[in-house]
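Chemist: One-letter residues, chain by chain:
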Amino acid sequence: MHVPMKTSYNEDIRLIRQRGTLVWYALLALALLAAPFYLGEHHLSQLSFVGIYAIAGLGAMLLVGYTGQVSLGQAAFLAIGAYTEAILQKAGVPFAASLVLAGVMAGLTGAILSLSTARLAGIYLAIATLAFAFIVEEVLTRWESLTNGSLGILVKRIQVGGFTFDAEWKFYYLSTGLLVLVLWLMINLLRSRTGRALTAMRDSEISAQSLGIHLARYKAIVLALSGALTGVAGALYAHRIQFITPDQFTIMASVELLVLVVVGGLGSLHGAVFGAVFIVMLPQFIVLLRDAFGISSTYQAGLDAGVYGLLMVLFMLFEPHGIYGRWQKIKLYLDIFPFYRKATFRRQRMFQKSEQLR
Amino acid sequence: MTLFEGRNLDRRFGGIHAVRDVSFAVEEGEIFTIIGPNGAGKSTLFNLISRIYDLGGGSLVYDDRDISRIAPHKVVGLGIARTFQNIELFENSTVLSNLLVGRHSRGGPALWQELLFTSAARQSEIAHRERVEDVIDLLDLQEHRDARVGGLPYGIRKVVELGRALASQPRLILLDEPSSGLNPDETEDMSYWIRDIRSQLGVTVLMIEHDMSLVGMVSDRVLALDHGEVLAIGQPAEIMANPRVIEAYLGG
Amino acid sequence: MQGLIEFTQMIISGVATGCIYAIVALGFVLIYKASEIVNFAQGDLMMLGAFLGFSFITLLGMPFYLGLMLALACMALIGALLDRVVLRPMAGQPVFAIVIITIGIGFVIRAVVISVPGWGTETYGIATPYSGGVTTLGGLVISNEHLAIIGATLALVIVLYLFFRFTMLGVAMQATSQNQLAAYYVGVPVKSILSMIWAISAATAALVGILLAPITFVHVNMGFIGLKAFPAAVIGGFGSLPGAVVGGLIIGVVEALAGFYLPEGFKDIAAYVLMLLVLAVRPKGLFAQSVAKKV
Chain A
32 MHVPMKTSYN EDIRLIRQRG TLVWYALLAL ALLAAPFYLG EHHLSQLSFV
82 GIYAIAGLGA MLLVGYTGQV SLGQAAFLAI GAYTEAILQK AGVPFAASLV
132 LAGVMAGLTG AILSLSTARL AGIYLAIATL AFAFIVEEVL TRWESLTNGS
182 LGILVKRIQV GGFTFDAEWK FYYLSTGLLV LVLWLMINLL RSRTGRALTA
232 MRDSEISAQS LGIHLARYKA IVLALSGALT GVAGALYAHR IQFITPDQFT
282 IMASVELLVL VVVGGLGSLH GAVFGAVFIV MLPQFIVLLR DAFGISSTYQ
332 AGLDAGVYGL LMVLFMLFEP HGIYGRWQKI KLYLDIFPFY RKATFRRQRM
382 FQKSEQLR
Chain B
746 MTLFEGRNLD RRFGGIHAVR DVSFAVEEGE IFTIIGPNGA GKSTLFNLIS
796 RIYDLGGGSL VYDDRDISRI APHKVVGLGI ARTFQNIELF ENSTVLSNLL
846 VGRHSRGGPA LWQELLFTSA ARQSEIAHRE RVEDVIDLLD LQEHRDARVG
896 GLPYGIRKVV ELGRALASQP RLILLDEPSS GLNPDETEDM SYWIRDIRSQ
946 LGVTVLMIEH DMSLVGMVSD RVLALDHGEV LAIGQPAEIM ANPRVIEAYL
996 GG
Chain C
45 MQGLIEFTQM IISGVATGCI YAIVALGFVL IYKASEIVNF AQGDLMMLGA
95 FLGFSFITLL GMPFYLGLML ALACMALIGA LLDRVVLRPM AGQPVFAIVI
145 ITIGIGFVIR AVVISVPGWG TETYGIATPY SGGVTTLGGL VISNEHLAII
195 GATLALVIVL YLFFRFTMLG VAMQATSQNQ LAAYYVGVPV KSILSMIWAI
245 SAATAALVGI LLAPITFVHV NMGFIGLKAF PAAVIGGFGS LPGAVVGGLI
295 IGVVEALAGF YLPEGFKDIA AYVLMLLVLA VRPKGLFAQS VAKKV
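Residue numbers (this note's numbering), protein chains in the order written: chain A, 32 to 389; chain B, 746 to 997; chain C, 45 to 339.
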């Protein structure tokens, strides 16, 4: 294994800590930049969706993976972002401003929600956020003068100055660029005092508090940040789909984002991106599966639900650290070959202690 | 000079009178130990002082200031840090980041500066890391700096928790059974560190301890607690010879 | 006078709906008390129970009460199996893992129901011996379906009370839910007890499903009503059985009132708004005794 010798404090807080990884990231950046030259429309649009889902996934990751606050209401933030964007665009607000406002609006909602949920933990929080999402969905359906109710709103393409994002590659650059920006903000946050306070709350609220962390305040901050990121993703989503209705933002969308962070790997930024790739590829995988087994498309709905449900159960039972966890294990296996033992990654009780029997 | 004083502290849980009219004063620079059989109310007393529990009666005075109603997260900012009986570390983080959380109460840049990692944020990070390295040096934690806490042996985790409390630069440190779960060697190391904390850092120590040899070695004064009440306060030798204390321990 | 009767009628229908929430909430709370698991699949278990009842009674033509009993027995078995196969390995895992795995179970149940020939995405009814009739009481007219629900809830509550209070098994279950480790040390077979609690919980879900069938009919989405039972359980304080019943009744009545006095739409979210308000004031619900973590 690589054990670096450290000579300055800066080394620990650098963006990329090892020279070897820098090469890989540079190659990845090149591949992404050149993608429009070798990928077709369809694959580019898939990549655009990966960008959108990854941004929303990072919002969920911050809340669930880093702070240990289970949210079943992320769809509400997505919806608030999307509707704010759609309504502001109709009102003629420029994209740069409306995108920021979509994030701010969703973030503010998160902060307000935390007034009710700041003292909650675990399952109470999950249910409270679920309730919040139901309320938002209902409001969007009923406030017809603003949202056009269940008929939905048409969203025009993004225009910045004279430039219209009318081709797939343009939108791809936008969503990927925003994803990189969000990743950079997240890395910064996590290597600072606030980021540490969040992970501290995840592992032990009582000692976080005894070290001076104001629990309610940081829960408000994390809910606001998570809401803001998800809101920005929602705004992008609105433009990408170009038509939004309340029933795109049901509990299913919340569950999807929760699955994204869990399958990707909780508590890692890589995990959010891996999870986004997974979520975007899943429907195609299901179609392949259907054709391979010759299942009639009348069973599509059942197949979707079944694959989704089975994946959730199986991942939780057998791969609780997600794709990123598996990737790390493979890396370590190769690093220390032939000394890898099964117990190297013994399943630990994560994030929460309990006196339950197995 | 008196650094901390508990005046007539009182707390009930339902029908149990856990702490009953307890008064004591800790002098600056002292190592003050609370002993008592299981269920005597020692941990409750600590939880009252660190404001995890609300007082049922009485008042807490620290540095001539009444802190009986202060919010629990503000306690450490006043200079009162604590450890926990069963170790409450951040298991999924490294030793270094655990210690850095210990610096939380010492402030930092605004959220937007952290998000953009401005040079102010970088400077603040470096300053905190410098202070944390002092603690790492003092407690000999160099080789574990980047290890995940969850994978460390119990004895080392105990030291990390002590370090995390020290990283907040306290004037008064509350140690809840620093030797519990340690082997005799580790207990001896712990006794040296406790004395170092006082002599090198000038931190006043208020601790709960069961190991009487450790108590005898390091304490300046001892308070014996039983059924939530003060049995006696005095020199370690005096307390250990006190017939009421002996009876409380033997008679349960 | 007419207004008063109308009001009472509305309250009664609220109470009947509330009873449905109450039984579903009872199912949550039973499992939660015993194992710290919140079963997000409870609504889907209810739906599956209703489909089983529909198959036995309507498709196979069994007498109503025989079909009901058979459905309850099947669901009890399924509940115990779920505990044994899926949830036991998850003991002590964090909340999100439990949430996700039980939501996953719900999805799988839906997939199964959609794929079974003769079930699918259609809507069905179950003929009950009491369907269609009404009972008049003074000026009040109460449908038999509502009466049956209220009666069944009462009976269930009494049976559960007697069971936990007076039978060896019930007392062992109580002990398990208060402290698993201690129960284990004094010789309670904790693991089989947990499976039995799951069995009871799944059976109560099936009971609700079949009671509800004459009112909402049997279809694959009927499980969503389970989500309304969350506010009921939370308001009641998740660990309290009487709390779950009271919480369910409160939610049912509040919904009925909201549907009557407030603009359209408020009825559907009244339960959630009420819950968020309660949580803002009492983070552990109305009936919970606060237990702080010991350090």
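It should be emphasised that the hints constitute simulated quantities derived from the structure, not laboratory data.
Note that the structure is a prediction, hence the values are computed from the model and not measured.
From the three backbone atoms N, C-alpha and C, an ideal C-beta is built for every residue, glycine too.
Treat the hints with care, since some could be wrong.
Below, a list of computed lysine-lysine pairs in the DSBU-like style, where the Cα atoms sit at most 35 Å apart [what the hints assert, rightly or not]: (1) C/K328 with B/K819; (2) C/K235 with A/K360; (3) A/K121 with C/K311.
Covered by chain C, per the in silico footprint, the following chain A stretches (three or more residues, Cβ under 8 Å) [claimed, not checked]: (4) 153-166; (5) 200-212.
Chemist: Of the numbered hints stated earlier in the document, which are not met by this structure?
Modeler: 5
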